[in-house]
Amino acid sequence: MSKMNIDKKIVDDLVANDISFVTTVPCKQLAGVIEEVEKRDEVFHIPANKEDEGMGLCAGAWMGGKRPAIIMQNTAIGVTINTLATLIQYYRMPLPMLISYRGELREPVACQVEMALHTKALLAQLNIPTYHFHKRSDVEEFGMILKHTFMCNKPVAILTDANFWGGYGEQ
Amino acid sequence: MIRSEILSEIAPLLRDQLVVCNIGIPSQELHVIDDQPSNFYMLGTMGLASSIGLGLALAQPKPVVVIDGDGSVLTNLGTLPTIGNNAPPNYILMIIDNGSYGSTGDQPTYTGKKTCLAGMARAAGCDRVVEVQDVDTDAALKQALEAGKATVLVVKCDSGNAKMPVIPLDPVVIRDRFMKAVQA
Chain X
2 MSKMNIDKKI VDDLVANDIS FVTTVPCKQL AGVIEEVEKR DEVFHIPANK EDEGMGLCAG
62 AWMGGKRPAI IMQNTAIGVT INTLATLIQY YRMPLPMLIS YRGELREPVA CQVEMALHTK
122 ALLAQLNIPT YHFHKRSDVE EFGMILKHTF MCNKPVAILT DANFWGGYGE Q
Chain G
56 MIRSEILSEI APLLRDQLVV CNIGIPSQEL HVIDDQPSNF YMLGTMGLAS SIGLGLALAQ
116 PKPVVVIDGD GSVLTNLGTL PTIGNNAPPN YILMIIDNGS YGSTGDQPTY TGKKTCLAGM
176 ARAAGCDRVV EVQDVDTDAA LKQALEAGKA TVLVVKCDSG NAKMPVIPLD PVVIRDRFMK
236 AVQA
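Those protein sequences? They're chains X and G, same order as listed.
All residue numbers in the first sequence are consecutive under our numbering, ending with 172.
All residue numbers in the second sequence are consecutive under our numbering, ending with 239.
A few of these clues could be false.
Capping the alpha-carbon separation at 25 Å, the derived lysine-lysine pairs in DSS-like fashion look like this [what the hints assert, rightly or not]:
no., chain 1, residue 1, chain 2, residue 2
1, X, Lys148, G, Lys235
2, X, Lys155, G, Lys235
3, X, Lys40, X, Lys9
4, X, Lys4, X, Lys29
Think of the hints as simulated: they come from the structure by calculation, not from any bench.
When you get a sec, could you build the whole thing from the sequences and use the hints?
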């Protein structure tokens, strides 16, 4: 599957699962997905300035009757731990988090490895169901993961690394 | 006036609205003054009341009143550009600005010094920004509800807290009854 088709497949799955409210803090790896989200009439796209703010928007949208999702980088796990614990988990809200997993194989920026080292440990500590997309074919599970998220009313992390995207900046 | 006196005065107006109330003593005060299923009490997560309310206002058509504080807005200043560029007409952000972190012992915030939240909201792109003194809150909120435009209402008042018990409700109960009030 080409990079462009992955972007489209991901947003198709969001729409097919009735997700109509998406907030984003950008990452280069997710630029194509964000562009695709912006294009779709079925999805309201609201860029956030920080990921905890974005999770607040998603919490409100969900209580208002819309299914939300957040698109962000794994560095944001460091920003959002309190929000995940005291808002999303404490009030038992569903939140799919499509995450650019910087600092993994084919990463060119050394500093990104520092938060990559903590990402899965932090998610495990928070008991957040976590899926890691490393090969292109892993995207086939995305729709199932979304269904799982809204079945169990939990935040769920989908980590997508550089190899999955075809190498950081190599596309 | 202190915040609890303002909340007591506007309680009849708030009763018929969806209200997202800030963490700490503000939620405890509102809970004691006039508990309603249409009140969403924040029990944690300082700073996100304005964001939760914005998501709610964008997702459904009923009016949403956010009761926020100066300290909480200062901790999530990125919210103001997001509000300025996206807030729908059913969104009212009421910032009770008493120039202090009330829930933690009334330490001063910068809004009691040189910082002006109304000016920051305008610079962030919010079109209808109103600043009033505590005694004019009821009239200003009424006008905001009738304005049919997104409003940031900054209420300048005295610092101080009423002595209140913590909210005994389970968060899932607060959330569930609130969602039923949204759908009603």
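Do the hints match the structure? See the list:
1. For the hint pairing Lys148(X) with Lys235(G), the CA-to-CA distance comes to about 23 Å; that is within 25 Å, so the pair holds.
2. For the given pair, Lys155(X) sits about 20 Å from Lys235(G) by alpha-carbon distance, which is consistent with the 25 Å threshold.
3. This hinted pair checks out: Lys40(X) and Lys9(X) have alpha carbons roughly 11 Å apart, not beyond 25 Å.
4. For the hint pairing Lys4(X) with Lys29(X), the CA-to-CA distance comes to about 13 Å; that is within 25 Å, so the pair holds.
Hint compliance for this structure: no hint is broken.
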